[in-house]
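Residues per chain are reported as follows:
There are 2 protein chains.
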Amino acid sequence: MTEPLTAVDPAAFLAELASAVPVVLDPHVLMAYQRDQAALAEAGTPLALVRARSVDDVAATLRTASAHGVPVVTRGAGTGLAGGANAIDGCVVLSTAAMDGIISIDKVARTATVQCGVLNGTLSAAAADQGLWYAPDPASKAVSTIGGNIATNAGGGCCLRYGVTGDHVLALTAVLASGEVLRTGTATRKNVAGLDLTRLLVGSEGTLAVIVEAVLRLRVPPPPQATLVAFFDSLRKAGDAVVAIEQAGTPSLLELMDRTTIAAVEEHTRMGLDLTAGALLIVQDESLDAYADACRGAGFVAQTDDPEEGEQFLAARRLALPALERKGLTLLDDVAVPPPLIADMMDRVQAIADRYGLVIGTFGHAGDGNLHPTIVFDREAADTARAAFDEILAAALSLGGTITGEHGIGSLKTPHLADMLGPTERALMARIKAAFDPGNILNPGRAL
Amino acid sequence: MTEPLTAVDPAAFLAELASAVPVVLDPHVLMAYQRDQAALAEAGTPLALVRARSVDDVAATLRTASAHGVPVVTRGAGTGLAGGANAIDGCVVLSTAAMDGIISIDKVARTATVQCGVLNGTLSAAAADQGLWYAPDPASKAVSTIGGNIATNAGGGCCLRYGVTGDHVLALTAVLASGEVLRTGTATRKNVAGLDLTRLLVGSEGTLAVIVEAVLRLRVPPPPQATLVAFFDSLRKAGDAVVAIEQAGTPSLLELMDRTTIAAVEEHTRMGLDLTAGALLIVQDESLDAYADACRGAGFVAQTDDPEEGEQFLAARRLALPALERKGLTLLDDVAVPPPLIADMMDRVQAIADRYGLVIGTFGHAGDGNLHPTIVFDREAADTARAAFDEILAAALSLGGTITGEHGIGSLKTPHLADMLGPTERALMARIKAAFDPGNILNPGRAL
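First to last, the protein sequences are chains Y and W.
To get the working numbering, take the position in the first sequence, counting from 1, and add 11.
To get the working numbering, take the position in the second sequence, counting from 1, and add 11.
There's no promise every hint is true.
Pairs count within a copy or across copies, as identical chains cannot be separated in the list.
Using 20 Å as the maximum straight-line C-alpha spacing, the simulated DMTMM-like pairs for lysine to aspartate or glutamate come out as follows [stated by the list, open to error]:
no., residue 1, residue 2
1, 118, 391
2, 118, 251
3, 118, 304
4, 338, 391
5, 152, 27
6, 118, 355
7, 152, 358
Derived from the structure by calculation, the hints contain no laboratory data.
Values in this document were obtained by computation on a predicted structure and should not be read as measured data.
With the sequences and hints as input, model every part of the structure.
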């Protein structure tokens, strides 16, 4: 990664920036824009905040920052979990949260055209008002922006059957570091004209361009889903059931919680979960008939055809992270392995917890093999927590997995990227980065 | 697009190439490797053919070609429909067809690791032997290679519900122009570590790197599908039915044929199709109940739960192109529009046919809005056919569509790319191309 090309003269830069867009310099406000939701990720002190209200604001900010060699950290709602939106010393934080309009919903073509700052939950509600469905459902959906969802290629529970955020992005408008406006893709479902710049921007974590508008695919809402909860006495049996379930069909949701997470949720809610279980699985589909045999290794199975009751079953899973967060500071990981190796991965996490004397609760999207081992620690044990975190990443790689399934590399995992990608891959990514951002001002040092 | 950097000394190049890999110079053999299946696409005279048998052969060819500034056109089975594998004067044709091994199928993780030259149909059969399913089903599947499918992001009928080729590619091994070996992606279902180089290579038509191996997603086979055929007296009614069908559910297949195509198939097969119909739709799903109301505008509907009988219904659609090809030379187009605009697009195609006095039969993947208007012409009317072809592309763009949904730009449509992509997008694609292939030896002048 090359360094910014020009030396920074902050006063000259700020004067020029303020002549183009409203600039916030109040240190108390800047502090509120310094971090996203990732624990233990470094954050610098920003020079200024720009709350963009238009594509022109974004372009003016980037053009000015490029001219002065000032780094720009783009930020949606700040709900990221990898420090990708954390400030860099001397940067401009470019908030796109105020660009939150739904430009149009085409009910017949089933597409939505939105500004990047619209919340996932706001779009989902607007789509539902038209009898349509925006499928990607990261846990943060009520409070995270579509722009941030795209920049991290956010996942969620529904992606097992319906795909991740990137599978729902048809076209993008983005601003390059030069201030030029880039338009990628088309509103059609298939398109192979030229290189797939849309997919390249998805998941690029603010390093290539600033996404300002998106055309998204909406779906017809699925039929009512039945829900099954199965408690297993061991992780191994739960892992075997995941494989068997996926041989029997493609559920719309297949989530897992381990014993530690079950205990945390039960302590928090007193909802009556089985504390002797080694793990539980939650499955949703139109019909659950195909999965009965796959769950025969379970000690206890409950199921319902009633969507509201199913939502109550899911409440335990939705409370997994909040319940663990009540027990101390948390460091949330985001590994993925091939689904048949889930039990092996969870065994390794447990061994790491035992070795470091840490509580680690693991839950996640079992159907995708995407797990969130969550380390609970005291402030003074931060180094220990970080060491355990690093070992979890190494364990995922040793099982042929990835160090991030849906949260991104951000600033938290950049030191680990070299363990996953070879020098040829990294050099190529750096050259692509330079093709977009030759001055290296967009989230420099992050994600790649 | 920059020109190759170094001047070519063919004799020195061939001597060096022949010392590294077996080289074919026989002009009769070279002629057989000069073209793919695209009519009216220009083809040059190759200097030599290399039939690669290994990654080392590919790397040696590219390294040598880079050193001498010789263009390389990579070729799978040569079934492409956009001239992307047509030779360039003085190029090396690099055939990967002999690298046709299935390296492994992981039945539990449902992945296949294959060499790029394996035929789609061979992989599909091997997956079926393991009780699994490789979903992407381009019409060429019996004779096209997985490498070519990936290089064009091939579609097919199943992609309406299950996604295109790119949705099934988890990881790639590719060789850069420098001869370096690049490994992208992981065998996991979700992965957001670094830029998505896998998706960038998908659909890049041999311009960025030579794909040599792929890890592909396999699926559990779907349940038996019921099939419905509906004849409509007008294109408009058929277009309305497409919209209504997609509001009622997501069929696994939704194909369309217009009156001209129906007549050609009936003439070819005498299968008893209704020649008075303006269009027919074919729908497949586990249950057809949801679509009864959507097809109420049809004059005649037949349906069957029997998969073999359903296959017979589909035969008409599968014979659409062969039947039109019996009527003269054909120029097959590949536009896509938002599905609600299918009838508008087909009206425009008919108006173009009338204006030029040409027969144009249109069929395609109605559910995706991806249509294949097929111009039937005599050799002496090639210019007229080409003019009509160009107008069809312009019509698709004017409806917010794309000039290629699943065949690629190749050499056939490069003149039209500037009508679809702006100068910012094209410049960026050129810079990305240069990041992969600084000497511009890989399919230069194509696709971007």
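Item to check | Violations among the numbered hints | outcome: 1, 5, 7
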